Structures are given as structure tokens and as C-alpha cells.
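Engineer: Whenever a hint applies, use it, and build me the whole structure from the sequences.
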Amino acid sequence: MSDAKRIGKRLRIAGSLLITGLLVEAACLMLAKPIGFVLFVVVGGLFLLSGVVVYLLALVIDTLKSAPGPG
Amino acid sequence: MHHPTTLIVIFVLFSAALIGVVIARPEITATRGGKILAFLVLFFLPILCGAMGVSSEMNRSKTTAFCLSCHTMEAYGKSLHIDDPGHLPAAHFQNHRVPADEACYTCHADYALFGTLKVKLHGLRHVYVYYFGTPPAPQEIKLYEPFNNRECLHCHLGARSFEEGAVHTADPATLPAVKSNTLSCMSSGCHEIVHDIAHLEGAKLWKEPNR
Chain Z
769 MSDAKRIGKR LRIAGSLLIT GLLVEAACLM LAKPIGFVLF VVVGGLFLLS
819 GVVVYLLALV IDTLKSAPGP G
Chain P
14 MHHPTTLIVI FVLFSAALIG VVIARPEITA TRGGKILAFL VLFFLPILCG
64 AMGVSSEMNR SKTTAFCLSC HTMEAYGKSL HIDDPGHLPA AHFQNHRVPA
114 DEACYTCHAD YALFGTLKVK LHGLRHVYVY YFGTPPAPQE IKLYEPFNNR
164 ECLHCHLGAR SFEEGAVHTA DPATLPAVKS NTLSCMSSGC HEIVHDIAHL
214 EGAKLWKEPN R
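Line order of the protein sequences matches chains Z and P. Residue 819 in our numbering sits at position 51 of the first sequence, with consecutive numbering throughout. Residue 127 in our numbering sits at position 114 of the second sequence, with consecutive numbering throughout.
I should point out that these hints are in silico values taken from the structure, not numbers from a laboratory. Among these hints, one or two may not hold up.
As the list claims (entries may be wrong) - The list that follows gives simulated cross-link-like pairs (lysine-lysine, DSBU-like), each with its CA atoms no further than 35 Å apart:
id, chain 1, residue 1, chain 2, residue 2
1, P, 192, P, 91
2, Z, 773, P, 48
3, P, 91, P, 217
4, Z, 777, P, 48
5, Z, 801, P, 220
6, P, 75, Z, 801
7, Z, 801, P, 217
Stated by the list, open to error - Covered stretches of chain P, as calculated for chain Z (at least 3 residues, CB under 8 Å):
id, stretch
8, 31-37
9, 56-64
10, 137-146
11, 179-188
Predicted model, so just to flag it, every value in this text is computed and none were measured. Cβ atoms here follow ideal geometry from the backbone N, Cα and C, with glycine treated the same way.
Structural biologist: Rendered as C-alpha cells:
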């Protein structure tokens, strides 16, 4: 698999997690119930955090791979 | 749904759509401009959405309607409508001595440092017990610790009716004791009738006018 495809795959994973998190958060905001508050923080927050972490990891890995090696 | 919440929901959905565009065409991240766009869409926007959502949810969790949406709290909500000026929470709610929209939170917030965080953590525990545990009967619900006068003094300290009230000044030791929390505002013979839900049956209720 080429580097472009590999980073594309990581971006898709990050994006999917983020979209799921955002949809959960939107649903919870519309719910207006105490359970919505918990789902917003726990489920939505977890998806968002995972998505951001996967994206940042993809950036770091991409940067490390494209950096010139020693010598 | 309040207008600010609707706007946040629209913004969240718009952000999700933008993320969809980026992951549908990841090749755009090959250019410098694409990388910046991806950073904004995949990092900045989700964090912004999360922060706005948390702020909205925190504000909503302070509302009286939010607290009373749990079945267990119904009796406490009803006690706010008792037609009796000697009933402390009812008198505060009906005369807007506390904001009617945030009646529960105003009195039950911990006005110390990190108080909001503390009561929110308690609230999370309440939601957990309500949905996944066995919620206690309304009359069995107790405060975590005796009600601190600090919560009353947050508003009443310095007020003329409090500082110069005939009963408060009859004994010079009363006010210092109240202010130092050694004599509770809810002591027997003082403002002792608080959420008397055991005697709700048959109590005359005040009907809130439509606003």
C-alpha cells in the first residue's frame, strides 16, 4: 500500500470517528434529557477524542516517514 | 429547543458534512492548502463543536425543567407550588427570589471554589442511579451534607431584610451564628419547612400564570 493510500485510510478512520461523535452530540443536544447529558459527555466525547487522536497520529506518522533519514 | 442550541446543532451537522467531504477526497491533503483545511476540519472544528456543546449542556443542566424531568424529582417540583409563604422553597420560587428557570440549581449549587464541578459530578451520579441503579423513593432522598448557610448568604448577606430583620436582630448572637454556619437558617423555629413532600397530599397549590 502506498503512503498516500495509507494516510488516506487513517484520515477516513479519524473522519468516521469524528462524524459519529458529532452526530451523537447533535442528537444529544436535541434530546434535552439528563441521559442526553451523559451520552453527550461519555459517548460523543469518546468518539471525538478518538477521532482527534487518530488524526494527530496520522499526521505524526506521515511527518516521520517523509522526514529525511540520518546521513 | 432554544435558538442557541439549534444554531449549535446546525454548526455540528455542518462540521460533520465538511469532515465527510475531506474523507471522501483525502487526496486534497497532498497540497499545503489541503493540509491546512484538513487540520481545521479534523481538529479545530470538532474541538470547537465539543466545547460549544458542553457549554450548552452545562447551561441546560442548570434549568428547573432539567432537574424535574426525572420522575423522582416530581414531588420536589410540586413542593415549589405549595401556596404557603412559610414554605421556604415555594416562597422563593413563587416570588422570584431565585430565578424561576434555575430554581433548583440556585439553592443547591455549592458556592465554594469548584462548587459547580462538584454539583455536576453529583448530578452525573444521580443520572447513573436513575437509569442503571435503584433510585430511592422521593421522601428518602437526603442531601450529601447538611445545607450550608453559605448558599443562603450568597444572596441574603448584606440585604437589609436579612441584616435588620426583627427576628434576626432580637438576639445579638443570632446573626454572627448564622453567618458562621453554626446556627442553620433551617433550624427549628426559623425557616424549617423545606420541601415538605410528606405532606404534599391535599396541600393547596399555587397555579403559575401562563407567561
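Engineer: Run through the hints listed earlier and report the numbers of any the structure violates, in increasing order.
Structural biologist: Number 11 only.
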